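Visitor: Could you build all of it, start to finish, from the sequences and the hints given here?
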Amino acid sequence: MPAPAALSTRVLLVCAAIGVASGILGAVAGWITPGVIILAPIVYGFVLGAHVIPGIIAQETLRMPWVALLAHVLAALVASAMAPQWAGRFLGTALLFGGIQELVAAVTRYRVWRAWRFFISAVVIGVLVAVVVGLVVNLTALPLWAQIAYLVCAVLGPVAWTGIGLAVGAALRQAGVGRRAIPR
Amino acid sequence: MSTASLPLDPYADAPGASPVRFLHRLNPLAKLLGPAPAMVVLVFVRDVATPVAFLVLAYAIVLVGARMTARLASMLVLIPVLAAAMGLGFALWTDPAHVADTVPLLRLGDWTLSRGALWTGIATGLRLAAIIALALIAGITTTGPDLARSLVQQLRVPYRIGYTAIAAFRFVPRFRRELEIIRQAHRVRAAGHLRGPIAAVGRSVGSVVPLLAGAIRHAERVALAMDARAFGAYPDRTERHPVPFRTRDTVFVILLSAASAVLFWVFFPWGL
Amino acid sequence: MVDTPLLRVHDLAVRHDGEELFTPAGASFQVRRGEVVLLLGPSGSGKSTLALALNGLIPQAVPAEVQGSVSVMGLDAASTPVAQLSTRVGMVFQDPDAQLVTGTVLDEVAFGPENLRLPVAEVLGRTETALRRVGLWDRRAENPDALSGGGRQRLAIAAALALGSPVLVLDEPTANLDPQGVEEVYAALADIVASGDRAVVLVEHNLDQAVGFVDRVVVLDAAGRTIADGPAGDILRTRAAELQELGVWLPTSTLAALKLRRAGYPLDPLPLTPAELRAALEAAPAPAAPAPAAAERRGFGRAEDVAPAAALVSAASPRLGGAPLIAVRGLTLRRGRAEVLHDVSLDVRAGEFVAIVGANGAGKTSLLHAIAGIGRPPRGTVRIGGDDITRLRPAEIASRIGFVFQNPEHQFVAHTVRDELAYGLAHAPDADARVADILDRFGLAARADVHPFLLSGGQKRRLSVGTALIAGAPVLALDEPTFGQDRARADELLELLAALNADGTTVLVVTHDMQLVTEYAMRTIVLAEGRVVADAPTADVFADGDLVAAAGLRVPPLCDALRGLTRHPELEGIARLAELPAGPPSAAGAPA
Ligand SMILES: Nc1ncnc2c1ncn2[C@@H]1O[C@H](COP(=O)(O)OP(=O)(O)OP(=O)(O)O)[C@@H](O)[C@H]1O
Ligand SMILES: Nc1ncnc2c1ncn2[C@@H]1O[C@H](COP(=O)(O)OP(=O)(O)OP(=O)(O)O)[C@@H](O)[C@H]1O
Ligand SMILES: [Mg+2]
Ligand SMILES: [Mg+2]
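Just so you know, the protein sequences line up as chains A, B and C, in that order. Quick note: to get this note's numbering, add 3 to the position in the first sequence (first position is 1). Quick note: to get this note's numbering, add 160 to the position in the second sequence (first position is 1). Quick note: to get this note's numbering, add 76 to the position in the third sequence (first position is 1).
Hint data in this document are derived by calculation from the structure and do not stem from the laboratory. Everything numeric in this text was worked out from a predicted model, so none of it was measured.
Computed Cβ-Cβ distance ranges for the label pairs, DEER-style:
#1 C:G211 <-> B:E399: 25 to 31 Å
#2 C:R193 <-> B:T407: 26 to 32 Å
#3 B:E399 <-> C:G519: 50 to 56 Å
#4 B:V237 <-> C:G548: 53 to 59 Å
#5 A:W116 <-> C:L151: 35 to 41 Å
#6 C:T408 <-> B:V180: 41 to 47 Å
#7 A:L138 <-> C:H418: 54 to 60 Å
We put the CB at the ideal spot given by N, CA and C, even for glycine.
Guide: Written out as structure tokens, the structure is:
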């Protein structure tokens with residue numbers, strides 16, 4: 004009778020847990036954002052890069068299609084319930100970041116899970132973030148050196164955070180989490 | 161921002177509001193959709209008048225349509241304050257050579273704050289404030305489960321994802337408390353080890369793995385409990401809380417988009 | 077009605093992916109309508125695994141290799157979708173919080189029927205019936221977080237009932253609950269059983285409450301094979317010694333009776349509940365030869381003369397000399413917006429073994445944390461060895477008090493068991509020797525290079541105690557050290573604490589197990605809603621039944637059975653198994 008589900012309940016909930024837990028850890032990033040924008044807008048891209056984490060950890064621990072996007076979207080939905088005023092921003096960032104991570108994984112047919120693959124999605128995200136945020140904060144008004152510094156930060160941010168996410172994923176696997184095969 | 165830390169029951173029903181508070185009666189998607197075009201276009205705007213107009217529009221809608229709470233009031237006060245602070249911040253960073261009006265306003269040694277730079281900064285701050293205020297329309301009047309339900313009911317997001325989100329609201333307080341305990345436990349254990357900010361960063365990295373490992377195990381147990389209760393048995397499930405998309409929702413989206421279009425038309429070319 | 081079994085388990089063997097052994101490895105039994113079956117077996121014998129196989133979660137949701145068969149009303153559990161089986165077998169798990177999905181009590185129970193696509197009217201009808209049966213209908217609009225632990229577990233039972241399944245499987249449904257919560261859950265279950273329309277399969281370590289309404293017992297041995305299957309009374313009475321040997325825990329009253337039998341009291345048949353023990357003793361003549369005194373006084377380890385037990389316990393604590401080692405004065409503590417401790421004052425002297433008890437949420441953990449300086453109590457409220465704890469550096473606190481957190485995984489910081497132990501020693505010159513010593517003492521030497529998270533539950537707990545001990549702190553504070561452990565492991569751990577205590581270590585434990593408190597603690601502090609409502613020698617505390625009940629606790633079973641016993645004054649008032657008269661010397665050493 005039941006339609007075979009593509010993703011088991013377990014995978015859905017594990018993605019949600021990864022999203023929520025990273026969100027709680029990343030709450031710090033949310034707190035310092037206004038301060039960063041006021042005092043040092045050029046490093047904002049670096050702070051924003053922290054948002055790549057849920058997708059990286061989900062892919063690294065579960066290694067299957069859709070988990071990056073799911074972890075991002077579920078985290079965004081939960082975060083929206085907690086701080087509803089940012090619902091739009093949460094969902095937008097989630098779709099953007101998760102979508103890119105998912106696409107890059109899909110291009111390699113979900114077969115290649117080596118580090119370089121994760122860093123490709125990090126660079127793509129970095130460039131996109133740089134463009135979008137650059138538009139919002141009117142980057143062209145800044146001095147040239149600040150524009151360059153900003154771009155470098157925006158691209159380095161996701162790359163550095165991806166590295167951290169991979170390290171956490173590896174530590175989790177070492178601790179026996181996610182080492183079991185996933186049903187279905 | 162600061163209000164995110166207020167304890168909030170994500171499941172609580174929106175309390176009954178007077179009919180004037182129309183926002184509470186709209187579909188969450190309508191409230192996301194209506195302001196969206198304006199938010200996107202605002203990204204490209206560079207003048208001061210346009211964001212001010214949208215700020216006024218958003219405040220008017222929220223003040224009339226949303227029930228006033230301490231939370232909303234603090235948001236409404238905070239947004240202009242932040243806008244001003246951000247505006248000043250950007251002004252400091254703006255390169256005077258790039259702006260038209262370089263009449264110096266303030267001179268500190270080598271560095272000058274020109275009127276043009278200040279103007280650019282203020283425009284940027286107001287732009288952000290307008291975008292945030294427009295987001296309030298949906299945010300402040302929508303409950304988490306309703307958003308999840310409307311994604312399922314209108315956007316055809318699989319209900320298993322929507323209900324996973326609803327189940328995951330419960331994770332937040334649990335994981336927060338776990339993190340607090342793990343941090344304390346590691347602080348106790350770290351006695352005799354390095355102290356200072358760098359060691360503190362190291363310790364918070366050290367709390368990530370136990371937190372995530374515990375979180376994933378908890379999620380696996382919840383998944384078993386949900387499966388045991390026939391979760392996902394059919395392609396759909398009985399819905400006792402319909403969140404319909406009614407004529408009033410369409411009207412709201414059209415009206416708000418039209419109002420945005422008018423404002424953009426009036427203020428064209430937005431300082432480009 | 078034809079009496080066909082609802083559940084038929086035939087030679088079931090399950091091997092989890094990544095494991096080597098099959099556990100269970102050949103379980104067979106049947107469950108018929110209206111029956112209550114208790115599943116017993118030592119830890120790791122595969123009871124939880126078996127429970128998950130009963131509605132197909134294993135192998136459908138948890139990857140595992142399954143041999144043999146489970147048939148649910150004629151359907152094969154391994155191949156019929158779980159959703160379809162869910163209307164035949166309802167599940168209740170150990171952790172109430174891991175079973176909650178929605179935001180109100182009503183929605184929670186409706187969740188299952190909604191998944192079955194039932195019409196709204198029927199969803200609401202079933203929900204109401206189920207909630208009324210567990211007594212939660214009046215609280216239907218509340219957030220489940222507002223319920224007590226027992227209330228949340230009753231909610232989980234209602235959620236299972238609402239699916240309409242004729243079989244209810246419960247895996248240690250009361251492990252996390254305070255005594256009152258345990259009682260509530262069993263009252264609700266007894267009520268369901270009484271109506272005769274549901275069969276129940278119960279996995280439970282704590283038999284004192286469960287044994288009252290169980291019809292049949294199925295016992296698995298350590299490998300997970302069925303070695304006994306029959307009426308509860310028969311199996312528990314006639315094969316008690318064999319079960320004890322296996323490491324399966326028996327009701328306290330049965331254990332007491334076994335011991336009394338060896339001391340010459342003719343107790344036949346063996347009693348299972350406090351009421352039965354009492355009745356049997358009132359009917360039994362005194363033993364022929366005067367019973368020799370208890371050979372050992374566990375938990376104290378001091379030479380004590382032969383005297384009524386209660387007096388010994390009460391005499392033990394106040395004599396310990398000198399200024400208090402730990403002094404708490406006027407401690408008021410806020411967590412979040414609520415005040416969780418109100419004006420708490422107490423003393424702990426060197427060498428004491430103190431238990432802190434109270435209902436779920438009474439503030440036990442908060443108090444223990446404050447005593448260990450965790451989460452910064454207000455200045456001047458907690459002194460240890462005369463010094464204000466807020467003025468001590470973390471290293472100084474760690475050298476004075478070893479803390480064991482409720483969940484061992486929270487406190488692990490290193491990547492191997494060995495590093496975990498060495499972590500607390502930093503640069504001590506004899507670190508290697510001390511680590512090796514602890515590894516040996518805790519039976520962890522073979523797993524020294526394993527990641528701490530990969531240990532079994534019992535091993536994790538021992539490691540966490542080891543890390544607290546290794547620094548040699550004179551005080552040890554443990555938060556629910558028996559949480560999630562079976563009784564055999566709990567006992568092993570407490571033996572260790574008792575030995576340390578005998579060597580002079582001061583021990584503070586928080587626990588919900590009242591029999592354990594009576595067995596080991598000299599003094600008991602009862603907390604209720606953030607206040608100390610009793611602080612006295614353990615026997616005195618449990619002598620006040622009203623106070624104990626008001627604090628959401630219950631008098632431990634042995635105390636309950638022997639209080640006011642008329643026929644055998646020598647047994648009257650005994651609360652600890654260890655104080656029961658011992659049998660002939662050859663049998664006295666048997667673990668209780
Ligand atoms: N999800 C899992 N993955 C791998 N192995 C598992 C899993 N769950 C249980 N096991 C293993 O299966 C065996 C049986 O475990 P199970 O939890 O069924 O025992 P139990 O009888 O319920 O024990 P306890 O009384 O301690 O609860 C153990 O060796 C355990 O390590
Ligand atoms: N960090 C916190 N924030 C808010 N409330 C808290 C926090 N920690 C504890 N509480 C509340 O304080 C009260 C006492 O909690 P505590 O954990 O000390 O109880 P306990 O006696 O140990 O309970 P249990 O038997 O369930 O472990 C509870 O009502 C709990 O909800
Ligand atoms: Mg078990
Ligand atoms: Mg506690």
